[in-house]
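Chains as they are written, first to last, in our numbering: chain A, 4 to 227; chain B, 4 to 227; chain C, 4 to 227; chain D, 4 to 227; chain E, 4 to 227; chain F, 4 to 227.
One or more of the hints may lead you astray.
If chains are identical, the list can't say which one is meant, so a pair holds when it fits in one copy or spans any two.
Once the Cα atoms are required to be at most 25 angstroms apart in a straight line, the calculated DSS-like pairs of lysine-lysine come out as [said to hold, decoys possible]:
{"#": "1", "residue 1": "Lys127", "residue 2": "Lys222"}
{"#": "2", "residue 1": "Lys178", "residue 2": "Lys225"}
{"#": "3", "residue 1": "Lys187", "residue 2": "Lys50"}
{"#": "4", "residue 1": "Lys127", "residue 2": "Lys178"}
{"#": "5", "residue 1": "Lys199", "residue 2": "Lys178"}
{"#": "6", "residue 1": "Lys201", "residue 2": "Lys79"}
{"#": "7", "residue 1": "Lys127", "residue 2": "Lys79"}
{"#": "8", "residue 1": "Lys127", "residue 2": "Lys218"}
{"#": "9", "residue 1": "Lys50", "residue 2": "Lys127"}
{"#": "10", "residue 1": "Lys188", "residue 2": "Lys79"}
{"#": "11", "residue 1": "Lys222", "residue 2": "Lys50"}
{"#": "12", "residue 1": "Lys50", "residue 2": "Lys144"}
{"#": "13", "residue 1": "Lys144", "residue 2": "Lys127"}
{"#": "14", "residue 1": "Lys187", "residue 2": "Lys199"}
{"#": "15", "residue 1": "Lys225", "residue 2": "Lys79"}
Derived from the structure by calculation, the hints contain no laboratory data. Please read these numbers as outputs of a predicted model, since none were measured by experiment.
Number of protein chains: 6
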Amino acid sequence: MSGVVVQNIERADAETVRRLGECGVATVHEVQGRTGLMAHIMMPIYKGASVAGSAVTVSAPPGDNWMLHVAIEQLKDGDILVLAPTSPSTDGYFGDLLATSAMARGCRGLIIEAGVRDVADLTKMRFPVWSKAIHAQGTVKETLGSINIPIVCSGAYVRPGDVVVADDDGVCVVKLEEAAEVLKKAEARIANEADKRKRLAAGELGLDIYDMREKLAAKGLKYI
Amino acid sequence: MSGVVVQNIERADAETVRRLGECGVATVHEVQGRTGLMAHIMMPIYKGASVAGSAVTVSAPPGDNWMLHVAIEQLKDGDILVLAPTSPSTDGYFGDLLATSAMARGCRGLIIEAGVRDVADLTKMRFPVWSKAIHAQGTVKETLGSINIPIVCSGAYVRPGDVVVADDDGVCVVKLEEAAEVLKKAEARIANEADKRKRLAAGELGLDIYDMREKLAAKGLKYI
Amino acid sequence: MSGVVVQNIERADAETVRRLGECGVATVHEVQGRTGLMAHIMMPIYKGASVAGSAVTVSAPPGDNWMLHVAIEQLKDGDILVLAPTSPSTDGYFGDLLATSAMARGCRGLIIEAGVRDVADLTKMRFPVWSKAIHAQGTVKETLGSINIPIVCSGAYVRPGDVVVADDDGVCVVKLEEAAEVLKKAEARIANEADKRKRLAAGELGLDIYDMREKLAAKGLKYI
Amino acid sequence: MSGVVVQNIERADAETVRRLGECGVATVHEVQGRTGLMAHIMMPIYKGASVAGSAVTVSAPPGDNWMLHVAIEQLKDGDILVLAPTSPSTDGYFGDLLATSAMARGCRGLIIEAGVRDVADLTKMRFPVWSKAIHAQGTVKETLGSINIPIVCSGAYVRPGDVVVADDDGVCVVKLEEAAEVLKKAEARIANEADKRKRLAAGELGLDIYDMREKLAAKGLKYI
Amino acid sequence: MSGVVVQNIERADAETVRRLGECGVATVHEVQGRTGLMAHIMMPIYKGASVAGSAVTVSAPPGDNWMLHVAIEQLKDGDILVLAPTSPSTDGYFGDLLATSAMARGCRGLIIEAGVRDVADLTKMRFPVWSKAIHAQGTVKETLGSINIPIVCSGAYVRPGDVVVADDDGVCVVKLEEAAEVLKKAEARIANEADKRKRLAAGELGLDIYDMREKLAAKGLKYI
Amino acid sequence: MSGVVVQNIERADAETVRRLGECGVATVHEVQGRTGLMAHIMMPIYKGASVAGSAVTVSAPPGDNWMLHVAIEQLKDGDILVLAPTSPSTDGYFGDLLATSAMARGCRGLIIEAGVRDVADLTKMRFPVWSKAIHAQGTVKETLGSINIPIVCSGAYVRPGDVVVADDDGVCVVKLEEAAEVLKKAEARIANEADKRKRLAAGELGLDIYDMREKLAAKGLKYI
């Protein structure tokens, strides 16, 4: 089912998205039962970026970035482009011109299971990208793909409109219909961690805070 | 044909080399028909370096850095060392002492399809290296290689005197005899991009700027 | 032999450990006959960290970080946690809460042949980690491992109490019983290098400083 | 959503499944628009196996094969087990005892994005497995996963009951609801290829059979 | 500690070694608490080989096979060569001439965390090799290594005289002093499995044979 | 320089090619100074094939096999197709139809730094392929490449007409102009090895046959 552009997709509430971004990847991943993570090969091109947005998905052929031009027209403020090639590629599908265009449409970042280039410029522009490679390799514009269909990107299933959270720990996908519930759990977890952090900083042990000693002994742990 | 040092190699004009460096890897790669790139595994040891120079090539055995000492004597101001091991290696062939020596000869950087070490020092010295690994692993000085013979380095064919351009996007090789022509095209491309960048920043779409809509429709793209 | 915690381990003299850290990974590795290095895939989560400490070893199941809680109780000031999973894993065993706890016990860093998360926080806390992956992937607490038994971590054999030196060049292990001798050789090597660095900076060639020309000629090196 | 076993899943018609298996992976993949393929790392443990079956999906923790025992109870004649770990693993989740049990339930094979062991026995039993590793590494039985939920296995999205086709070229997934249509196209393609094979064997060129010369010339191909 | 040949090493009883070989890698690995396995990248050059022997260890520089000649003199009937390079290599250290020589000394196979060549000949000779690569790449004879010192080979710690078991599932190391005890457990496990295999073949489920249902329910498994 | 088909290339003498093939990859690689080998990732799709032929080179875009149709017209009896993609790809460029066509033109095999499919059929047809992947992934026919230009294939520089030798040990390239000289050396080496094989089989040691003991002692080898 190649050659399709789905134009009107549902998106999560902007405030929900924003606050999911503040929770961060590790927390969001944990509270949704340790699901939704992309593989660890998806690395940010610069450290310190932390974003969340609604996925505009791109299925594109290897070494062909034509569909990115098509995708940019579909972007709304707060969106994140998520591109999976139809077969493995490390080519540089995206550079500073496309980033300029995407930013002009309100795009918050790019997740791409392939390569990216012009990373010095992208860093100056503060346009964050998570990719599996940095490479100058150019691409062609010959073969159709699709926009806003469900894709598998670096091991995660992503549907258009799903919330994508990305920071230095990687990329996590939250299902659109679960976004509010996940946010609630994530914020509760963070509140709960603040107290633990204090106790741990004061020298208390996780063994005691989490009551682990008995369970460890029951499993047979021996101290020598 | 191991054990040979070719001493007098031709080099490109210094001004051409300098300006190719300013054009950057992605542009240079594009204008020479998307050729000359090394593989994406060649990463800079620190971000932000951007250099160009004439290749002094080194073919060296795995885990043996003897030939680097031989190569340094052949360096002239503005050169870049390009080392390919004769079989795969991630050993640290090069560190701060060799960098000190190379810099004293005017060397602008090292491209090595193997490992490098002392990277904290090299970063302080601002001696840029593109390598496939960072590793402290030491090497021996037992077996001959060759200097200034054609080599294959990380997928690219490099002849002594070819121009090497390297930045955060990777490493690209320009044939010595094509350097002037490539520069001309690269500078033209950059001039041309400035206008497009402005239009894209103003919200115009690549679909329109590049007249893509008709071609996409002809290929069968469907909007839903 | 899983499910064992060895509690009283011998450690090297604190001053010896500190000075080994100052010598750095490349030097220490060289003077112990180019042994003790972990594989180059062990990369720091941020650049510029440079530490040494006594190894508290952790053998843990894949995707299970329970034993890290057990290990933290065993930490003394100046220790470094060294974790090897019992089968390959890139999961994020360790994050900011565990780091808070470890720091409260005087821990200087973590070496882990697996993943780590919360790296933005760890970077702010200046808690250095060398890992083979950065990944938010959460872990369980179900299966025992062992603390302070000999382990193989990323190709290096590590016994509890061995000195671990880590910097931007990787990670090197020094046998507890050889620490003093290795330090002596390392400091001698550094002293010796200072003079060479000056001569190389002044333009002298390694070929001359190390008397290589004759040996190269004997091997058959030809200058053309 | 871990810890769930979905018991009554829909399956494709047995005859459709059988004939899809005869069409083979490459053909099935082509006729569904080049979709549904798993990554090339999924290799058969022995050459020459060629199967199709209905997917019983298994989502299992890394290094924990407990859910395979749960899955086997859900198998019906003609099913194929498809296991994706919740984080990367090469452990040997499956060996000759589990294969004996699965075969007793009519299972036709295993697709596992992890490791398998006892491959000499599995080969003798002619129980085909496509895996990303062969490894004796044992697993635990401590943590729940789920059976018959949608999973991502080696880059492909697999829902319970989808048809899985596997042979020496890899593994392809056909959506349950598209199975009949895909079969029709696949058999048509095969019929069409027979004639082409004859003409090509007789020395006719693809350039002529597929009328490529004009299109190549239009693109600018030059003969020298 | 390079440049050492330890000549008189202890070996396990020949009958114990032979029977460990019959137990196979998966069983031996299991009964020693899931320890001793090399990484899954160590693959046999042909299928169906299954051997056990006493380790004669070789620590050799990258791309230098000199020490193999030294090692062969140390071989006794029933030994297995185990080579780990001092830094990563895929070079072909070993071919049919060395195999001829090793076989003349009673050697049963080679385990090498590097490359091997002449594999068509080795297969005809039925000299089994487990390696991480097959490659014709030649090596030099310039730098010393050591024979019969403890080494780390593909993640496993191997001491001279330890028993090495290898088959299609990989390679497992048994400590010399534990060989008799491990054999006892391994043979007991095999006896125990025979009954289970029968019951599973008859259609009984592992869920019942191993009494898993209650534990699964207690963990919260839900059937839908 | 894409979009070019060089039609009349020089080839080596057929008898020279045939005898180079009989010498095999390891020997040919050795006698040309250990040069010309492709990387070890190039594996045969079935064991036991051993071929030599004149290279018809193909430079093709990632995921686009159009140029293979163009290349087949250029084949002469005894040729071998050598394809390098212009950026990394594991797609299945080549299957049984193209093999049928290539065989009809006298082609002896395919060397491809990408993927191949229909390997069960290719094996039955005895059409040997060395590739870096086996994958059913289909390709498009949209973008030009070139035929019979120099390429870098898996680390080796290949010019049209160079002799390619391939067997279970990998792939080696012999420069057209050196083919006769390389053959002479290769056959001499083989003759020389026959005698050594006999002596080694009789129990003589390489240490003695190659007179290594003195040199080892001079390097400092110690027997304990």
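Status of the hints after comparison with the structure:
1. Lys127 x Lys222: So Lys127 and Lys222 fail the 25 angstroms test inside a copy (53 angstroms) and across (36 angstroms) alike.
2. Lys178 x Lys225: between (43 angstroms within a copy, 22 angstroms between copies)
3. Lys187 x Lys50: neither (27 angstroms within a copy, 35 angstroms between copies)
4. Lys127 x Lys178: So Lys127 and Lys178 fail the 25 angstroms test inside a copy (32 angstroms) and across (31 angstroms) alike.
5. Lys199 x Lys178: neither (29 angstroms within a copy, 36 angstroms between copies)
6. Lys201 x Lys79: between (41 angstroms within a copy, 20 angstroms between copies)
7. Lys127 x Lys79: Answer is within; shortest intra-copy Cα gap is 23 angstroms, inter-copy 33 angstroms.
8. Lys127 x Lys218: neither (51 angstroms within a copy, 34 angstroms between copies)
9. Lys50 x Lys127: both (12 angstroms within a copy, 12 angstroms between copies)
10. Lys188 x Lys79: neither (27 angstroms within a copy, 36 angstroms between copies)
11. Lys222 x Lys50: For Lys222 and Lys50, the Cα distance exceeds 25 angstroms both inside one copy (41 angstroms) and across copies (39 angstroms).
12. Lys50 x Lys144: So Lys50 and Lys144 fail the 25 angstroms test inside a copy (31 angstroms) and across (30 angstroms) alike.
13. Lys144 x Lys127: neither (27 angstroms within a copy, 38 angstroms between copies)
14. Lys187 x Lys199: Result: close within a single copy only, 19 angstroms intra versus 44 angstroms inter.
15. Lys225 x Lys79: between (58 angstroms within a copy, 20 angstroms between copies)
Hint violations for this structure: numbers 1, 3, 4, 5, 8, 10, 11, 12 and 13, all remaining hints satisfied.
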